[in-house]
Every structure is written in structure tokens, then in C-alpha cells.
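S.K.: Protein chains in written order, with my numbering: chain U, 1 to 326; chain H, 1 to 264.
Hints were generated in silico from the structure; no laboratory data involved.
Some clues are possibly wrong.
Pairwise CB distance ranges, derived in the manner of DEER restraints [said to hold, decoys possible]: (1) U:I195 x H:Y183: 52 to 58 Å; (2) U:K226 x H:I182: 40 to 46 Å; (3) H:T250 x U:S307: 58 to 64 Å; (4) U:S152 x H:T94: 36 to 42 Å; (5) H:S81 x U:S156: 31 to 37 Å; (6) H:P64 x U:S152: 51 to 57 Å; (7) H:D14 x U:S152: 53 to 59 Å; (8) U:A153 x H:T250: 24 to 30 Å; (9) U:Y42 x H:D152: 56 to 62 Å; (10) U:K226 x H:Q200: 43 to 49 Å; (11) U:I195 x H:S78: 33 to 39 Å; (12) U:F190 x H:S151: 37 to 43 Å; (13) H:Y145 x U:I188: 45 to 51 Å.
Short derived list, chain U residues pointing at chain H, Cβ under 8 Å [what the hints assert, rightly or not]: (14) S131; (15) L212; (16) H258; (17) R261.
This one's a predicted model, so the numbers in the text were calculated from it and none came from an experiment.
Heads up, the beta-carbon is just placed ideally off N, CA and C, and yes, glycines get one too.
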Amino acid sequence: MVLFFFINISLGTVSIPLKEVFSSLFGGEAIKSSWQFIILEYRLPKAITAVLVGGGLAVSGLIMQTLFRNPLAGPFVLGLSSGASLGVALLILGAGVFGGTLGGLLLGPWSLVIASALGSFLVLLAVLAVSFKVKDTMTILIIGLMFGSVTSAVVSVLSYFSNAEQLQQFVFWSFGTLGNVSWNGILILFICVLIGLLICLSSIKSLNALLLGENYAKSMGVNLKKVTLLIIVATSLLAGGITAFAGPIAFVGLAVPHLTRQYFTTSNHFILLPAVFLSGAILMLFCDTVAQLPFSNFTLPINAITSLFGAPVVIWLLVRKRKLLF
Amino acid sequence: MSLKKSHSVLEVKDLSIGYFLKKEQILISKEINFSIPKGELVSIVGINGIGKSTLLRTLANMQPALNGIVYLNNKNVSDYSSLQLANTISIVLTEAPSSKNLSVLELITLGRHPYTNWIGTLSENDKKIIQNAIDITEIEDLVNYKCMELSDGQLQRVMIARALAQDTPLILLDEPTTHLDIYHRAYLLKLLKKLAVEKQKTILFSTQEIDLAIQVSNKMIVMTKDKVHFDQPNKLIELGCFNTLFPSETIEFNKDLKRFILKD
């Protein structure tokens, strides 16, 4: 991961000699101050964001799959990303309704983050309310999917009534991005991911017991309601926080746990949890490095790259092993 | 005074079992009374849908009793905390583990869940108990396999080993002999008998193998529509209980052969 981290920082639209990269990273002075600025203010935060985003999404996918005992589960099945999309859509596409100065004010750099966080938080509250009423985890999963379709439908309606410029802005957000996070943003993101991971860590034992099924877990003294609640909260912190800053990044949460399970051939969360975090982080750094298209002036949307590179790998692994380990 | 107290591990008095459906009680079986002392093997038999699994779930406090009380070591089962209960009852269900990617050793180790710290560190004692469970169920050569690589009979033995690793005085098993051939059915019941005798476990299991259950059980719970009987197998045979189990036009219980035979 350290290697990928440095490769990621070293490559970008402006080519900077490797030696200078290191000297600016470790407090020295680079030959050009602009290089140092690019490294410290742009590439380093982006690399850290990539680690947090990739690792966090992958871990939330892992715990969702265990909780729902469903290999198709991922951080976004609870409708969190749709909620975030709705928040952002309401902000960007609805800004036209308010018009003029108010619209301009609403579109500040922080409002996007707040809108998407608010959106996913509201969906989370709805899911939590449901999960108190419904005991069956499979039902919660389907209800999450339903919430997702409702919010996507609202987003479609909003898109239909908005103008081209607003639509473009929204589409760009939905591409996902790692580059627009400031140091302050990283701090907030870091706290979200850290708390989420700590909750996961405290639930490792119960997660392992859940591998036997709900009834067995209960018979071994696992407090099922508490674990369900903890895991949903952890997922929301991880996925919600990440989506707020980096946009809806698909694929990582669903696929990385599967890749890791295939590679380590275990379901033990003591091994899986750190392994999944690292794999997610590495995958994200790699995808981001590719997305920058080194030595050129283009940067591709990160969301496209994760799926473009990740999906064939998963298909290849599944075809080769012929069996989904779960 | 304590000598006068009953030494039953599991005792139920006037128990009614069933479900709540939209706040309405659906009664499945009532007036169930029995008391099982330590180290006894007891089987539950009855026609499909009579409430064998419901009874086991009620005993394990996985669902509430409609009426009556389940006493576990002379204490009401609903007064147990979930952790205390996990130290007293272990279960083997009909459902397979939801992750087939677990190795046999990992699965058995999960049985130590109620005893380990938050991160699941195994003490020497934990390891000893796990090894004992592996030895008595004779699955030493399976420990490194994954669950998906096991046959039904092997998986059933592994699930019993997990219950043993949980180290509880009482073990409940729901239809442990389903899907097994006659050899493995007999092997499994003998294993349960061995656990009851050698390890002084109190074991309660539901089964369709009435013939085998009669041979192996200390006592039997026979659930029929009208009444739930509880006694030693040969006394139940004397009473003619087994003939009330099923509609009589198809099969009949032969007292001398101690088994069911087809009617012409």
C-alpha cells in the first residue's frame, strides 16, 4: 500500500521528478515551489482521500454482507448513496427554483457535502426506524433497495425539469471524485472513517458468530439487535461520510470483500477486516492513478475506472475458482 | 433442604406453546409436563407440524411460552440473561451455517464465543475444551476442511462438536438425524448416548426415527394431538402411545417388534 501511495503521488498531470516528490513530502524544499504546492495541497490530500474512501467503502461492504448474509449486499443497498444523490440533486437541480443570488449562495463548496450527508442521513434514519419494526434482515435489505428506487425516481424527475448546466454539474458529482477534498474535509472524513472502523472492530466477534446464522448467534449470547444497530450505524458513517465527500463511488464496497475472501480463502473477520481495508485502499489508489492518465492532461471519472478495472477482475476470479466463497 | 429440591436440569410445568399472530394466540400444544435429570437422553417424537421444533425453541427461550413456565436448573428460563443462557443451553438446528466458507476448526471455536473476551482470544482451557469436543465426535481428520466440503453426516457431527465446545449442561438438537443414511443415523444417536453417559450431558432431541429413539432414549416425549406423553420408552409402548401418533389406517405399531409396520 505504501508503494501504491507513493506511485499515486508521483504521477499526475504535471510531471514532477521522483526525487522532488520525496523532498517536498518530507519537509524539504523542492526546486520549484509550484511543485511543492501541487504535492502538498493537491496530490497528498487526494492520496489520503483515496485510502480512506477505498478502505472505508470496502469494510462497510464486508460488514453488510455478513450482517445480511447475502453476497450481493454492499454499502449502498441500504439506499445511502441514493439518499446522498437526492440531497445533491435537490441542491443543484433545485437551486434554479430559488434563482439568482440565493442559488449562487447555495452552491458553495461545503453545501454539496452537507446536502449529500443530510440526504444519506435521512435515508439512514428511515432504514433504522424500519429495522426496529422489522426483525428479518432480508426484509431490511429489500426495504433499503426500495428507498433507493424511490429516491432515484425523484432524482430523475428533478433532472427532467432542470437545465443543461445544472444537469452537467450533477452528472459530474455522480462521477465521483477524490481530488476536491480539502485538509479540513479530510479531517472530518478521517473521523467518520475512524469511528466507523472502531465500531466494526468492536463487533468482530459478533460478526464471526453471525457467520453461523442468526439463531446460532443468538444461542451463543450475541445481542442481535445491538449488533444490527451498531453495524448499520458504522455503515452509515463510513458510506455516508465517504459519499458526502467523494460522491457515489460504486463497485468497491461490493467487490473488494469478495476479492479478499477469494484471495485469503477465509471468512474470519479478524483476518478479513484489515485485509479488506488494505485491499480497498490499494484498489482505490491504483484506480485513481489510472484515472489521472499519467503523462496526459486528462482526468477520467473515478467511478468509471473502478468498475472498468474491477469488474473484469471479479469475473475472472469467479470463473477461475468456479465458486463464490461466502 | 437442598436434597429435597428436584435435581432436574430441565423441568416444565403446564406449558402451552404456540405463536402470536397479529396479537392472536395460535396454540400448538398444551399441558406439557416433564422433568429431565442430569445425564439423560430424551427424544421428542410426533407427526410433522405437531410442534416439536416449537417446543425446542420455547425451551431455549427463542420464543415465549404461551402459558406455563420452563425451569432451567430450578430457575425460570425467562429470568436468564442471554449470556447466562448461552452458558447453559447449546443448540444444534436443522439449518446449515450461513457461511460455508468457515473451516471446521473455526466453526467449533465459535462455540467458545460466550466465554472469550471481546476479541475472542482462546485460553489454554478453551483450547482443551475444543480439542475434547473434536476427540469425542471423532472429527480430528476433518478440522482443516471447509464446511462446504463436508457430507451431511460429517457436518452434523461438526455442529455437535460446536455445541460441545460451548460446554453447556444441556444440549438441544432439532432433528439431528434428517438427511442421514441408516448407518449415520445410528452412529449419531449412539454418539448422543455416549455424551449423555460419559459427559453427563442432558440431551433433548427431536426425531422422526421412532424405532431407533425407542432403543436409545432414557425417556421420550410423545406429542399427539390430544395429549403430550412423557415416560420411559417401554412404558409408553405398554400404554400403546405410539399407535396414537399417526392415522391408524396406514401404519401400525407392533409392541413385540417395537417398531412400525405397514398395514395391508
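S.K.: Does each hint fit the structure? Answer for all of them.
M.R.: These are the hints, each one checked on the structure:
no.	hint	in the structure
1	U:I195 x H:Y183: 52 to 58 Å	holds (54 Å)
2	U:K226 x H:I182: 40 to 46 Å	holds (44 Å)
3	H:T250 x U:S307: 58 to 64 Å	holds (60 Å)
4	U:S152 x H:T94: 36 to 42 Å	holds (40 Å)
5	H:S81 x U:S156: 31 to 37 Å	violated (50 Å)
6	H:P64 x U:S152: 51 to 57 Å	violated (41 Å)
7	H:D14 x U:S152: 53 to 59 Å	holds (55 Å)
8	U:A153 x H:T250: 24 to 30 Å	violated (57 Å)
9	U:Y42 x H:D152: 56 to 62 Å	holds (59 Å)
10	U:K226 x H:Q200: 43 to 49 Å	violated (34 Å)
11	U:I195 x H:S78: 33 to 39 Å	holds (36 Å)
12	U:F190 x H:S151: 37 to 43 Å	violated (49 Å)
13	H:Y145 x U:I188: 45 to 51 Å	holds (46 Å)
14	S131	violated (19 Å)
15	L212	holds (5 Å)
16	H258	violated (11 Å)
17	R261	holds (7 Å)
In this structure, the earlier hints numbered 5, 6, 8, 10, 12, 14 and 16 are contradicted, and the remaining ones agree with it.
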